[in-house]
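S.K.: Sequence:
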Amino acid sequence: MTLAYFFCDASFEKQRTATSIIRGLLYQLVQQHENLLSKYILPRYEERGNQLFTSFDALWAVFIAAAADQDTGRTYCIIDALDECDNASKDILLCQLHETFYCQENPPPNLSILITSRPYPEIREYLQDFTNADLASFDQARQDIDRCIRERVGDLAKKKNYTDKVKREIIDLLRYKAEGTFLWVGLACEELRGKSSKDAIQFLRDIPKGLISLYKSLLKTATEDETSECAATRSNLSFIIVSFDALSVLEISEACQLHQDEPDLDTRLQYTRDQIASCRLLVVIHAEKVQLLHQSVRDFLTGSGSGSGFFF
1 MTLAYFFCDA SFEKQRTATS IIRGLLYQLV QQHENLLSKY ILPRYEERGN
51 QLFTSFDALW AVFIAAAADQ DTGRTYCIID ALDECDNASK DILLCQLHET
101 FYCQENPPPN LSILITSRPY PEIREYLQDF TNADLASFDQ ARQDIDRCIR
151 ERVGDLAKKK NYTDKVKREI IDLLRYKAEG TFLWVGLACE ELRGKSSKDA
201 IQFLRDIPKG LISLYKSLLK TATEDETSEC AATRSNLSFI IVSFDALSVL
251 EISEACQLHQ DEPDLDTRLQ YTRDQIASCR LLVVIHAEKV QLLHQSVRDF
301 LTGSGSGSGF FF
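Numbering-wise (the UniProt record's numbering), the sequence shown opens with residue 1 and increments by one.
Incorrect hints may appear among the rest.
[Said to hold, decoys possible] Quick list of the computed label-pair ranges, beta carbon to beta carbon:
no.	residue 1	residue 2	range
1	GLY194	PHE244	31 to 37 Å
2	ILE285	ASP134	30 to 36 Å
3	ASP199	TYR27	45 to 51 Å
4	LEU42	VAL284	37 to 43 Å
5	ASP129	LYS198	50 to 56 Å
6	ASN161	ASP129	36 to 42 Å
7	VAL284	ILE78	20 to 26 Å
8	GLU190	ARG234	20 to 26 Å
9	ARG147	LEU265	42 to 48 Å
10	SER278	PRO43	52 to 58 Å
11	GLN51	ARG193	33 to 39 Å
12	GLN128	LEU250	21 to 27 Å
13	GLY194	ASP57	47 to 53 Å
It should be emphasised that the hints constitute simulated quantities derived from the structure, not laboratory data. Just so it is clear, CB atoms sit at the ideal spot from N, CA and C, and this is done for glycine as well.
Construct the complete structure from the given sequences, taking the supplied hints into account.
M.R.: Structure representation (structure tokens):
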């Protein structure tokens, strides 16, 4: 058995295009079966040169041939978070998947592809003809989120010295308000880290159910005042949303003109990190790159699908 996977991420160009996905999967197949390189890739490379790796159609043909190779046994490929790809790439990949696995009389018999995605209409349109399932409806998903809540609250209880009564109430409130969303649990628990044992329960009672409502609450807290701090937060979010790729901390500092009067670069960057932290968990720093916490944050801020975003 051969397994290959690709995690899509809207924040990075190399993780949101159709060619990147196929290159990533093909690379993993060759890592596990070196003979595929000479059997399928090198002959096509001699014909097309570097264009082989930039042409989706050419890459797809090589990928299907290599993945369906009878000598390598059964092949499973996982494409996670397809909804985070750019629109053109989604259309290209979905159309090709439908053509190869649904329209052809003899699809590759030993190749299976698993796709995870939020259920956007344009994605459903292509994939509805295949076996599909709503993961949130499975008992295992509910058990997993319950386990997540217990572990997160258990960790908080040790650090905050919750009594058994407070711990039970917090667990019950998280279960009730999360609506089956791991991300909501994570955000709420991060906020609880800054609350005392006495204030934790009231905080959970006050915050709204559901992810979008929580985003609204976090954004309101971060931007509702007419202070320079809140103005900088609004500026940060605006630049992060419109940037083509994830910006570095320094690039955000320059774009938003943050702390220009600070001559020491390291100090200025730390001030900028502190400023980014005021975005109330909507924005995170990963490997010195500033990005939105999740694609759903971008959708919320821009109003994708609803036309009622906070910035566009």
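S.K.: Hints first: check each against the structure and report whether it holds.
M.R.: How the hints compare with the structure:
no.: 1; hint: GLY194 - PHE244: 31 to 37 Å; verdict: 33 Å, holds
no.: 2; hint: ILE285 - ASP134: 30 to 36 Å; verdict: 33 Å, holds
no.: 3; hint: ASP199 - TYR27: 45 to 51 Å; verdict: 50 Å, holds
no.: 4; hint: LEU42 - VAL284: 37 to 43 Å; verdict: 41 Å, holds
no.: 5; hint: ASP129 - LYS198: 50 to 56 Å; verdict: 55 Å, holds
no.: 6; hint: ASN161 - ASP129: 36 to 42 Å; verdict: 55 Å, violated
no.: 7; hint: VAL284 - ILE78: 20 to 26 Å; verdict: 24 Å, holds
no.: 8; hint: GLU190 - ARG234: 20 to 26 Å; verdict: 21 Å, holds
no.: 9; hint: ARG147 - LEU265: 42 to 48 Å; verdict: 44 Å, holds
no.: 10; hint: SER278 - PRO43: 52 to 58 Å; verdict: 55 Å, holds
no.: 11; hint: GLN51 - ARG193: 33 to 39 Å; verdict: 51 Å, violated
no.: 12; hint: GLN128 - LEU250: 21 to 27 Å; verdict: 45 Å, violated
no.: 13; hint: GLY194 - ASP57: 47 to 53 Å; verdict: 52 Å, holds
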